[in-house]
Structure formats: C-alpha cells, structure tokens
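Visitor: Sequence:
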Amino acid sequence: MELSGGDIALKVGALVLLLALSAMFAGLGLGLMSLDLIELEIVVAAGEDEHATEKERMNSDAAKQVLPLRRNGNLLLTTLLLGNVAVNVLTSIIAADLTSGLYGFITSTLLILIFGEIVPQALCSKYALVIGSKVVPLVRVLVALFYIFAKPVSMALDATLGEDIGTVFTKRQLAEIIDHHEKQQMIDKDEGSIIRGAMTFGNKTARSIMTPADKVIMAPISAVLDCVFIHSILASGFSRVFVHGTSVNDIVGTIHVKDFIFVDPKENTRLSSFFQIFGQSIRSVDPDCRLSTLLHTFKSGSACLVLVKQPQTINVGHDMHTLLGIVTLEDVLEEILQTEILDERDTSDRRRSNSERKQFLLHRFFDEGRRLGFDDLYEADDPSEDELAVGLVQELLTT
Numbered sequence: 018m019e020l021s022g023g024d025i026a027l028k029v030g031a032l033v034l035l036l037a038l039s040a041m042f043a044g045l046g047l048g049l050m051s052l053d054l055i056e057l058e059i060v061v062a063a064g065e066d067e068h069a070t071e072k073e074r075m076n077s078d079a080a081k082q083v084l085p086l087r088r089n090g091n092l093l094l095t096t097l098l099l100g101n102v103a104v105n106v107l108t109s110i111i112a113a114d115l116t117s118g119l120y121g122f123i124t125s126t127l128l129i130l131i132f133g134e135i136v137p138q139a140l141c142s143k144y145a146l147v148i149g150s151k152v153v154p155l156v157r158v159l160v161a162l163f164y165i166f167a168k169p170v171s172m173a174l175d176a177t178l179g180e181d182i183g184t185v186f187t188k189r190q191l192a193e194i195i196d197h198h199e200k201q202q203m204i205d206k207d208e209g210s211i212i213r214g215a216m217t218f219g220n221k222t223a224r225s226i227m228t229p230a231d232k233v234i235m236a237p238i239s240a241v242l243d244c245v246f247i248h249s250i251l252a253s254g255f256s257r258v259f260v261h262g263t264s265v266n267d268i269v270g271t272i273h274v275k276d277f278i279f280v281d282p283k284e285n286t287r288l289s290s291f292f293q294i295f296g297q298s299i300r301s302v303d304p305d306c307r308l309s310t311l312l313h314t315f316k317s318g319s320a321c322l323v324l325v326k327q328p329q330t331i332n333v334g335h336d337m338h339t340l341l342g343i344v345t346l347e348d349v350l351e352e353i354l355q356t357e358i359l360d361e362r363d364t365s366d367r368r369r370s371n372s373e374r375k376q377f378l379l380h381r382f383f384d385e386g387r388r389l390g391f392d393d394l395y396e397a398d399d400p401s402e403d404e405l406a407v408g409l410v411q412e413l414l415t416t
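Going by our numbering, the residue at position 392 of the sequence shown is 409; the numbering climbs one at a time, nothing skipped.
Hints were generated in silico from the structure; no laboratory data involved. A portion of the hints provided could be inaccurate.
In silico DSS-like links for lysine-lysine, alpha-carbon gap of 25 Å or less [said to hold, decoys possible]:
1. Lys81 with Lys200
2. Lys221 with Lys316
3. Lys200 with Lys143
4. Lys188 with Lys168
5. Lys221 with Lys72
6. Lys168 with Lys151
7. Lys72 with Lys188
8. Lys72 with Lys168
Note that the coordinates shown come from a computational prediction; the quantities given were computed from them, not determined experimentally.
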C-alpha cells in the first residue's frame, strides 16, 4: 500500500521519537545499572565532608537523587528492559512500513544499533551519574507505567538472585585499587603506603617485628649503681634499661636512663632500692599476638612497650617463659606507616635507622649479678663524676 506524504511524515516523526526513547532506555540501562550501591554511598558520604571540593558536593547531590532508584535494582532493570524492547519492536514495524523486505530489516537494524545502542551507551557509560540524576523524575514515571509488569519479574529476580548489595572488596583488591590510584596520581606514595600498612599490619605478629632479647640492655636487680655502671648505661645511647631478677627471662621492669641523674655514684646504691622508686612494670605478650591487639594495648595508655615471651614446654628452673624480645609502640607505628620513625635521639651524628639501632644495641652486659664492662665499645679510663653529670644532663635534655 502506497503511503501519502502526510503518513510518511507521521511515521518518520514516530520513528525519530522511538529511536530517542530507545536511546534513553539503552543508555539508562547501562548507565544507572553500572552505578554500584557502595560506590554511590561513598560518593554521598564524600560530598558531605566539611573539606569536600565543589565537584565532590555536586556528585554527592547527584548520587542522592539516583540512590533511591538504584536500591530497587531489579525493578529498575526490568522497567528499562521492557521499555527498550517495546520501542525497538515498534521501531522495526514502522521502519518496515517505510521500506520493504531486506531494506527494511537493514534500515531498522542500523538505526537501532547506531542511535539506539552505541551512541547512548557510550555517553551514559562516561557520564552515568550526571545523566542519571537529570532523568530521575522521568524514570519514576516509567517505573509507574510498567509497574504492573515489572514488579512480578523483579520480585522473582530478588527471590532467585538476591537483592543487590553492591560490591565489597577484599584487602588484596583494595591494595590493587590503591596501586591504581597511585599510578593515576590521585594519591601520593606516602599516602598509599600508609593505607596499605593500615590494612595489613593486623595480620602480622609480635614475633615478626620484635627486637630480639640479645639486642637489648639488661641489668640484674642486684647491680650496684657506681660510676662504671652509669657510664656503661650512658655509653649505650638508649633511653631504657631492662631490670631482671635471677635470670634474664625474669624481667621485673624498666628504668629510664634520665632517672639516673638522681643517683650519687659514691653511695653505691643498689639497683633494687632505686627500682622501687623509679622502676616501671612491663607487660608481656605471646609471640603470636597480633599487632592490632598490641595497638589496642598501647592505646589504652597502660604501656608503650611490651615483652615478647614464649611459654616453655619443659620447666627449666623457675622460669616458665623464655624472653624472646621486646616490641614498642614505635615498632607498631612503623608497620602502619611503612617507614622508619626518627625520634629526638636520631639527630646529627647519632642519626641511624631502626635496623641500625637494633644492631647497635648491646648484648647483655650483666649476667647472674656480675657486671661485665663495655671494653669492646668504650676503652677509656673510669669516668669522672663531672663526666657522668654532663652525660646525664645531656640524656635528660634529649629525652
């Protein structure tokens, strides 16, 4: 049947309208469904931060409009697919009326492919959030129009596939995301290292970061606080002395080196008496204790270092545990920050990395109550009281 000019114009107009609707359904189907629920919630929260940029606030406002629709993902998907199929079928029928046979098939296919699929999906995949927020009122109307058909289908999908809860990443996946953001220069390397350290430090144990017991300074509680003792402590260059009882496994506590400024070397005071006034008790943990647990211990303010002790399977003497080493708050923070922390003692010629510091720490120079000198480190004559006083004042000022 031959069409009049008015019929042709009417059908061409209808074809253009249907192609526009097809483009909208196809574009929104890809664009809105590509917006992950978790991603939208993150965008909303980021825009509500007081330090958010103008662009983040704009994206947050757009996400707030899209989020209610996206939460009913299966209903939204069913509505858009029903609409897309309906207009594509009508487009094919009208295109067949305007042409005939093979030409009608080719024409309708090309029109739907180019203007109803490729172009809108390319645009909506790139600007999904912006475009989606602009057409939310129209999508609500479409959901209402197709509700009687779309709702049963969406309920069946919810029952069989489950509701869409968004994408949740594992720690390894998050680490890969951080690496990607570093490459795109969205975050710098230090920020990336800190984030990765915060995600992984909880899996590490006290054993993996401890300073071994043979690398810390110890003294028996029976020691005498004379010039040789104090000079030896100052020569070590560190701020704490670990005090033990009958054996090195029996650590009773620590003393700050700066507290020795109150000692008169002439009086030959016993360390046991001095410890009663200035000593600090110290907690112990199992070598397999997680760093996340250690951090909670340090955060409670009850300690800034702990002993790492291994229970003995066979009781040797009175020692039920073997001292393996120590862990400080600084050690845990270094695992989170993924870098060495230089404190106030690590300046000028005394600056050294933590690994070098641990190597410098001396072996136990006291054993079973007998003092052993620092001959391999410091071969000077016995220090004078003035030298000791100067050394203690310097220690007090630097700590």
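Visitor: Which earlier hints can't be squared with this structure?
Guide: Violated hints: 1, 4, 5, 7 and 8; rest satisfied.
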